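**Q** Just so you know, the sequences run in chain order A, B and C.
Just so we're aligned, residue 1 is where the first sequence starts under my numbering, counting upward by one.
Just so we're aligned, residue 1 is where the second sequence starts under my numbering, counting upward by one.
Just so we're aligned, residue 1 is where the third sequence starts under my numbering, counting upward by one.
Calculated directly from the structure, the hints in this document are not laboratory data.
Possibly wrong hints are sitting among the right ones.
[What the hints assert, rightly or not] Listed next, the in silico DSS-like pairs over lysine-lysine satisfying Cα-Cα at most 30 Å (straight line): (1) B/102 to B/230; (2) C/167 to C/157; (3) C/52 to B/152; (4) C/167 to C/278; (5) A/144 to A/207; (6) B/76 to C/157; (7) C/157 to C/278; (8) B/23 to C/167; (9) B/23 to A/80; (10) B/102 to B/183; (11) B/27 to A/80; (12) A/80 to A/144; (13) C/52 to B/78; (14) A/144 to C/180; (15) C/46 to B/76; (16) A/207 to A/137; (17) C/324 to C/46; (18) B/27 to C/278; (19) C/324 to C/52; (20) C/24 to A/207; (21) A/99 to A/144; (22) B/152 to C/46; (23) B/183 to B/76; (24) A/80 to A/99; (25) C/46 to B/230; (26) B/230 to C/24; (27) B/76 to B/204; (28) C/278 to A/370; (29) A/207 to C/278; (30) B/230 to C/167.
Predicted, not measured: the structure shown is a model, and the values here were computed from it.
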Amino acid sequence: MTSLYDWSYWFCEAWLVPLMTPLLYFQEHIMPPFSNPAGDLARWMESAAGLNVLAWTIVVNVALMIGFTNVIIVVYLERKIAGRIMDRRGPMLSLSSLKEIASDLAGYAPEYNWKTTTYAGIGILQNVADGIKFFCKELIVPDKADRLLYTIGPVIFISSSILLLVMVPFSPRIAASSAPLGLLVVMAAFSIAPIGVLTTGWACNNKYTLIGGMRSAAQLMAYEIPLLLSMAGVFLVAGSYNPMDIVAQQQGMWNVVPQFLGFIVFIVCMLAEVERVPFDLPEAEAELVEGWTTEIGGLRLGLVFAAEYIRGFVGAMIATILFLGGWSGPFLPGEIWFLLKVYAILVFFIILRWTVPRIRTDQILLLGWKRLLPLSLINLALAILYVEVF
Amino acid sequence: MPEATKTPGLIQSIFSPFTVTVKQMLKSTFGRPQTTMYPLERRELPPTYRGMNAVIWDLCIGCGICAEVCPNRCLKMKPEELDEEEQVRAWYGSHLAKRKTKPERPAINFGHCMFCGFCEDYCPTGAMTMTDFYEMADTTREGLIYPARSLKVDMETLPQLPLTNYMMESPVLFSDTCIGCRKCVDNCPTNCIIMDTGPKDREKRDGSKHNIPVPYFDYTICIGCSTCVKVCPVDCLHMEPISDSSSSGLQPAKAA
Amino acid sequence: MAEMWIHMGPQHPMTHGLWNLRIKVNGETITDAVPELGYLHRSVEKIGERRKYFMNTTLTDRLCYASAMTWTHCYCLTAEELMGVVAPPRAQYIRTVVLELQRIASHLMWLGAYLPDLGLITGFLYGMRDREMFLNLLEIPSGGRLLYNYVKIGGVKRDLPPGFEAKAERVMQTLERRLKEYENLYDNSKIFRMRNDGVGIYSASDAINWGITGPNLRSAGVPFDLRQADSYDAYPELDFEPATNTAAGGGSDCFSRYRQRVDEMHQSMNLIRQALAKMPGGKVMADSVPLRASGEAFRRTEDSRGEALMYLIGDGSDRPYRWKIRSPMFTTVSAAPHFLKGYKVADVPAIMGSLDMCIGETDK
Numbered sequence: 001m002t003s004l005y006d007w008s009y010w011f012c013e014a015w016l017v018p019l020m021t022p023l024l025y026f027q028e029h030i031m032p033p034f035s036n037p038a039g040d041l042a043r044w045m046e047s048a049a050g051l052n053v054l055a056w057t058i059v060v061n062v063a064l065m066i067g068f069t070n071v072i073i074v075v076y077l078e079r080k081i082a083g084r085i086m087d088r089r090g091p092m093l094s095l096s097s098l099k100e101i102a103s104d105l106a107g108y109a110p111e112y113n114w115k116t117t118t119y120a121g122i123g124i125l126q127n128v129a130d131g132i133k134f135f136c137k138e139l140i141v142p143d144k145a146d147r148l149l150y151t152i153g154p155v156i157f158i159s160s161s162i163l164l165l166v167m168v169p170f171s172p173r174i175a176a177s178s179a180p181l182g183l184l185v186v187m188a189a190f191s192i193a194p195i196g197v198l199t200t201g202w203a204c205n206n207k208y209t210l211i212g213g214m215r216s217a218a219q220l221m222a223y224e225i226p227l228l229l230s231m232a233g234v235f236l237v238a239g240s241y242n243p244m245d246i247v248a249q250q251q252g253m254w255n256v257v258p259q260f261l262g263f264i265v266f267i268v269c270m271l272a273e274v275e276r277v278p279f280d281l282p283e284a285e286a287e288l289v290e291g292w293t294t295e296i297g298g299l300r301l302g303l304v305f306a307a308e309y310i311r312g313f314v315g316a317m318i319a320t321i322l323f324l325g326g327w328s329g330p331f332l333p334g335e336i337w338f339l340l341k342v343y344a345i346l347v348f349f350i351i352l353r354w355t356v357p358r359i360r361t362d363q364i365l366l367l368g369w370k371r372l373l374p375l376s377l378i379n380l381a382l383a384i385l386y387v388e389v390f
Numbered sequence: 001m002p003e004a005t006k007t008p009g010l011i012q013s014i015f016s017p018f019t020v021t022v023k024q025m026l027k028s029t030f031g032r033p034q035t036t037m038y039p040l041e042r043r044e045l046p047p048t049y050r051g052m053n054a055v056i057w058d059l060c061i062g063c064g065i066c067a068e069v070c071p072n073r074c075l076k077m078k079p080e081e082l083d084e085e086e087q088v089r090a091w092y093g094s095h096l097a098k099r100k101t102k103p104e105r106p107a108i109n110f111g112h113c114m115f116c117g118f119c120e121d122y123c124p125t126g127a128m129t130m131t132d133f134y135e136m137a138d139t140t141r142e143g144l145i146y147p148a149r150s151l152k153v154d155m156e157t158l159p160q161l162p163l164t165n166y167m168m169e170s171p172v173l174f175s176d177t178c179i180g181c182r183k184c185v186d187n188c189p190t191n192c193i194i195m196d197t198g199p200k201d202r203e204k205r206d207g208s209k210h211n212i213p214v215p216y217f218d219y220t221i222c223i224g225c226s227t228c229v230k231v232c233p234v235d236c237l238h239m240e241p242i243s244d245s246s247s248s249g250l251q252p253a254k255a256a
Numbered sequence: 001m002a003e004m005w006i007h008m009g010p011q012h013p014m015t016h017g018l019w020n021l022r023i024k025v026n027g028e029t030i031t032d033a034v035p036e037l038g039y040l041h042r043s044v045e046k047i048g049e050r051r052k053y054f055m056n057t058t059l060t061d062r063l064c065y066a067s068a069m070t071w072t073h074c075y076c077l078t079a080e081e082l083m084g085v086v087a088p089p090r091a092q093y094i095r096t097v098v099l100e101l102q103r104i105a106s107h108l109m110w111l112g113a114y115l116p117d118l119g120l121i122t123g124f125l126y127g128m129r130d131r132e133m134f135l136n137l138l139e140i141p142s143g144g145r146l147l148y149n150y151v152k153i154g155g156v157k158r159d160l161p162p163g164f165e166a167k168a169e170r171v172m173q174t175l176e177r178r179l180k181e182y183e184n185l186y187d188n189s190k191i192f193r194m195r196n197d198g199v200g201i202y203s204a205s206d207a208i209n210w211g212i213t214g215p216n217l218r219s220a221g222v223p224f225d226l227r228q229a230d231s232y233d234a235y236p237e238l239d240f241e242p243a244t245n246t247a248a249g250g251g252s253d254c255f256s257r258y259r260q261r262v263d264e265m266h267q268s269m270n271l272i273r274q275a276l277a278k279m280p281g282g283k284v285m286a287d288s289v290p291l292r293a294s295g296e297a298f299r300r301t302e303d304s305r306g307e308a309l310m311y312l313i314g315d316g317s318d319r320p321y322r323w324k325i326r327s328p329m330f331t332t333v334s335a336a337p338h339f340l341k342g343y344k345v346a347d348v349p350a351i352m353g354s355l356d357m358c359i360g361e362t363d364k
C-alpha cells in the first residue's frame with residue numbers, strides 16, 4: 001500500500017461504488033422523470049472526479065479517527081500520569097466494573113454489594129463516562145448574553161482545532177494533505193482560535209470571562225511571533241513548507257541538533273499557544289474560576305476541552321516533524337516512530353504541567369516579548385549562517 | 001537558626017523541580033501509591049477511635065449523666081423493659097424490686113451526634129463505649145435515630161471498673177428542710193443513700209417533738225449524677241465540689 | 001479598560017474559607033480592596049454561654065478546624081486560671097507535644113492549600129500526604145483526626161500510649177526527609193520564586209502597627225513569639241528560640257512567609273523531641289476540677305497563626321457569663337487591603353494564601 005489515498009481510491013473503485021450504483025440506477029429506471037438526479041449521481045460517482053472525492057472523504061475520516069483516538073489516549077495518559085506524580089492512582093473505572101454498573105443502573109440492589117466493589121481497574125472507561133456526562137448536561141445560554149456570538153464563538157474555536165488534525169500528516173502513507181504550503185496553512189489555522197476565545201469571552205456578559213478572553217488574546221498574540229520565527233529557521237534549512245520535504249531533509253541529522261535554541265523556543269511558544277501550565281492563566285482556577293469557558297456547559301464544553309487537547313497534540317506533531325525527524329528511524333515502521341516521538345513530547349508536557357506553578361500574565365508577556373523574541377532571532381541568524389556555510 | 005536562602009541559578013532552577021516529580025512518579029508506578037483502596041481495604045484504627053456508641057446494659061445504671069453532658073442534647077434516656085435474664089445480670093437489677101420507676105437506657109439520634117466522646121468520658125461505670133464502626137450512612141433522617149436497644153452489646157467478661165465520679169460534685173443536705181419522703185433513696189442509681197435518724201428532733205405543729213429520718217450519703221459510691229437534687233420536692237439538696245480528702249464510709253448530713 | 005470592582009466572592013475556589021474580597025482593578029493592577037467577613041459566623045461565643053465550662057471544648061475545636069488543638073488549649077488555660085486549677089507536669093508536657101504536632105499539621109495544611117493557588121496542584125497532595133502522618137499520630141491518644149476533644153480543663157483526656165515516642169520519631173524523620181526534597185520543588189524552582197519574591201511586602205513596623213502576630217510577623221524579622229514572651233505549659237523548660245526570616249530588602253514577602261513556616265516546622269520537631277525526652281511521670285488530670293467558677297480570667301497563647309486570646313467571666317454558676325475570643329486572623333484580614341495595593345490581580349491568591357487565612361476563627 002503506497003498511501004492511504006491510493007488504498008481508499010482502490011477501495012472506492014472496487015467495492016464501494018459498485019455496491020452503491022446499482023440501487024441508484026434502479027431508482028432511475030423505475031421513476032424516470034423524477035429520479036434522473038439519482039442516475040446523474042451514480043454516473044458522477046463512477047467518474048474519476050467522483051472517485052477522487054469519495055477517496056478523499058475516506059482519507060479525511062480515517063485521519064480524524066486516528067487523531068481523535070490519539071487525543072483520547074492523551075487525556076487518559078494525562079490523568080494517570082498526574083495521579084502517579086501525586087502519589088495516587090488516577091482513574092480506575094474500566095471494563096471489569098461494567099457488570100456492576102449495569103446491575104446498579106437496572107436497580108438490582110441485592111446483587112450489588114458496595115463492600116466488594118470492583119471499581120479498581122486500569123481506567124480506560126473513565127473518558128467514556130466523562131463523555132456521557134457531558135452529553136447529559138443541559139445547554140444553557142445565559143440571560144443577557146449575546147445568543148448568536150455565544151453559539152458561534154466555541155464553534156470557531158472547535159472547528160479550527162479539528163481542522164488541524166487533517167492538515168498534518170502522520171507518515172508518508174497516512175497523509176490527509178500534502179499541500180506545498182503545508183505547515184504555513186497549519187499555523188494560520190492555529191491562529192484562528194483567538195477569535196473564538198475573544199468572541200466567547202465577550203458574549204457571555206461576565207466580567208471574569210471578559211478578563212479571561214483579553215488575557216488569552218494578549219498571550220496568544222505575544223507568542224505567535226517567536227513561534228513562527230523559530231519555524232522559519234527550519235523552513236530556511238529545508239527549503240520548503242511541505243512536511244514531507246522537511247522530514248526528508250532530516251535524514252542525516254535531526255534538526256534539533258543544529259537548531260537546539262529554536263527547539264527550545266518552539267516548545268515554550270507551543271505551550272503558551274495551547275495554554276497549558278505554566279501558561280494557563282486565562283483559565284486559572286484560582287482567580288477566574290474557569291476563565292473564558294466559565295459560562296459554557298454541556299457538550300459545548302466537552303468539545304472545547306477536546307479541542308484544547310487536539311491543539312496540544314497537533315503542536316507536538318508539528319514539533320516532531322520540524323525538529324525531531326518526523327517518521328524517520330530504524331527497524332520500526334514510520335507511523336510507530338512518529339507516534340513514539342509525539343508521545344515523548346506530550347509526556348514531557350504532562351509532567352511539566354504538574355511540576356511547575358503558573359506564571360503571572362505580565363511575566364508571561366515579559367517572557368514572550370523580551371526573552372523569546374531575541375532568542376528566536378538569534379536562532380534564525382544561526383540557521384542562515386548554517387545554510388550559507390554548509 | 002536557618003541561614004538565608006540563596007537564589008538558585010537559572011539551569012538549576014529550571015531542572016530541579018523535575019527531580020522531585022519524576023522520582024515520585026517512578027516510585028508510585030513501580031511501587032505502591034498512598035491510596036487506600038476503600039472499600040477493598042480499610043485503614044487501621046487505634047483503639048481510642050470514636051465511632052458508633054455501644055452500651056453494655058449489664059453495667060449501665062441508668063444514671064443519665066451521659067444525657068446531661070451531651071453538648072448537642074441528642075442522647076436521651078428512654079425507659080426500657082428488661083427481660084428476666086437481663087434483670088438478673090444487671091447491676092441496676094438488684095434494686096429493681098424497690099424501684100417505682102422503670103430502668104432507663106440511652107438512645108442516640110446520630111443525626112445530631114458529633115461523636116465528641118463526652119458520654120464515654122463521663123460514664124461512671126464504663127458502660128458507654130465507642131466502637132470503631134463508622135459506616136453508618138443512611139438515606140433518611142429518621143433512620144439515624146437509633147433506639148436504646150440497638151446500642152446494646154453484651155460482654156462475656158465485664159470490665160471491672162470502679163464507680164468513678166467524673167462530675168466531681170456530690171450532694172449536700174440541709175437537714176432542717178428535709179421531710180423524709182425517701183424520693184432520693186428510691187431514685188439513686190447507685191443506691192448510695194441510707195435513711196437514718198436525723199441529727200436533731202423537730203417540732204410538730206402541735207408542739208410535740210419527733211425525729212424525721214434524713215438521708216446519709218456514701219461519697220465513695222456517689223457518682224455525682226444529681227438525680228437526688230432533681231427529684232427532691234423541697235429542694236433541700238444541692239451539689240458541691242468534692243474536696244481533695246476523699247471521704248469514706250457514711251457521712252452524716254451536714255448543715256448547709 | 002476603566003476601573004471596575006471585582007468580587008472574589010464568597011463562592012470561589014481560591015478563598016480558604018468563606019469570605020468576600022472586593023478589589024478595584026485598573027486593567028490588571030489593584031487600586032483598592034475591601035474585605036467582607038461574617039459569612040461563617042456561628043455565634044460560638046453566645047452558644048458557649050449556654051453550655052457548661054467543660055463542654056465548650058467541643059466548640060473551640062471548631063473555631064479553627066485546621067488547628068483545633070491550639071484553640072482548645074487556649075480555652076483550657078483560661079478556664080484553669082479562672083477556676084484556680086493547675087494541670088500536673090506530665091499533662092503539661094503532653095500538651096506541649098500535642099500542640100507542636102498540631103502546629104506542624106496546620107502548617108502542612110497551609111502548604112497544601114497555598115500551592116494550588118499558585119497553580120501547582122501537586123503541592124496539595126504532597127502537603128496532605130505528609131499531614132496524614134501527623135493526623136494518624138494525633139489520632140492515637142485522642143481518637144479523632146480533625147476535632148480532637150483531647151485537652152481538658154485540668155489536664156488531658158488520657159495518657160499517651162506506650163510506643164508513641166517511637167512512632168513520632170519515625171514520622172518526624174520522614175517529614176524531615178521530605179522537606180529536604182521539597183526544597184528542590186519549591187525553593188529552587190524558578191517559577192515559584194518568580195511568583196513569590198517581592199510580592200506582598202510589608203515592613204516590620206507596619207506589621208506591628210497593624211497588629212499582625214505569629215508567623216506573619218516573624219517573617220518580617222521581628223523575633224516575637226508568645227511561647228517565649230508569655231510562656232505556659234512546658235515551654236519555660238525547653239530550649240527555644242523564635243525563628244525569623246526577612247525578604248531581601250527588609251520586611252516580609254511571600255517567600256519569607258513560606259520559608260518562615262517551613263522553619264517553624266523544623267523548630268516544632270525539635271521541641272517535640274526535647275519534650276518527649278524530658279517527660280515526667282505522674283497523672284494526666286488534676287485532682288479536682290470544679291464545675292462552677294466565678295471571677296475573670298484571660299490568657300493568650302501562640303496559635304499556629306498568631307496570638308490567640310480568650311477572656312472568660314464567670315458568675316458562680318456552671319456556665320460562663322461572657323466568653324470573648326480574639327483571633328489573630330481577624331486583624332490580619334483587616335490589614336490585608338493595605339498591602340494588596342499596587343500588585344496585580346494574579347497576585348491576590350499568592351498574597352492572601354501566604355497569610356494562612358482561616359475564616360473559622362475569624363468569624364467565630
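**Q** If a hint holds in the structure, say so; if it doesn't, say that too.
**A** Okay, the hints, checked on the actual structure:
1. B/102 to B/230: Within the cut-off at roughly 17 Å; holds.
2. C/167 to C/157: Distance ~20 Å between residue 167 of chain C and residue 157 of chain C Cα, so the pair holds.
3. C/52 to B/152: holds, 29 Å
4. C/167 to C/278: holds, 17 Å
5. A/144 to A/207: holds, 13 Å
6. B/76 to C/157: Within the cut-off at roughly 24 Å; holds.
7. C/157 to C/278: holds, 20 Å
8. B/23 to C/167: Distance of about 26 Å is within 30 Å: holds.
9. B/23 to A/80: Holds - the C-alpha atoms of residue 80 of chain A and residue 23 of chain B are around 15 Å apart, at most 30 Å.
10. B/102 to B/183: holds, 15 Å
11. B/27 to A/80: Given pair residue 27 of chain B, residue 80 of chain A holds - Cα atoms ~14 Å apart, limit 30 Å.
12. A/80 to A/144: violated, 40 Å
13. C/52 to B/78: holds, 23 Å
14. A/144 to C/180: violated, 53 Å
15. C/46 to B/76: holds, 24 Å
16. A/207 to A/137: holds, 24 Å
17. C/324 to C/46: holds, 9 Å
18. B/27 to C/278: Roughly 38 Å between the alpha carbons, so the hint for residue 27 of chain B and residue 278 of chain C is violated.
19. C/324 to C/52: holds, 15 Å
20. C/24 to A/207: The hint holds at about 13 Å.
21. A/99 to A/144: Violated, at roughly 45 Å.
22. B/152 to C/46: It is violated: about 36 Å lies between the C-alpha atoms, which goes past 30 Å.
23. B/183 to B/76: Roughly 22 Å separates the two Cα atoms, so the pair holds.
24. A/80 to A/99: Roughly 23 Å between the alpha carbons, so the hint for residue 80 of chain A and residue 99 of chain A holds.
25. C/46 to B/230: It holds: about 27 Å lies between the C-alpha atoms, which stays within 30 Å.
26. B/230 to C/24: Between residue 230 of chain B and residue 24 of chain C the Cα gap is close to 62 Å, so the pair fails against 30 Å, i.e. violated.
27. B/76 to B/204: violated, 42 Å
28. C/278 to A/370: violated, 59 Å
29. A/207 to C/278: violated, 59 Å
30. B/230 to C/167: violated, 48 Å
Violated hints, in rising order: 12, 14, 18, 21, 22, 26, 27, 28, 29, 30; the structure is consistent with all others.
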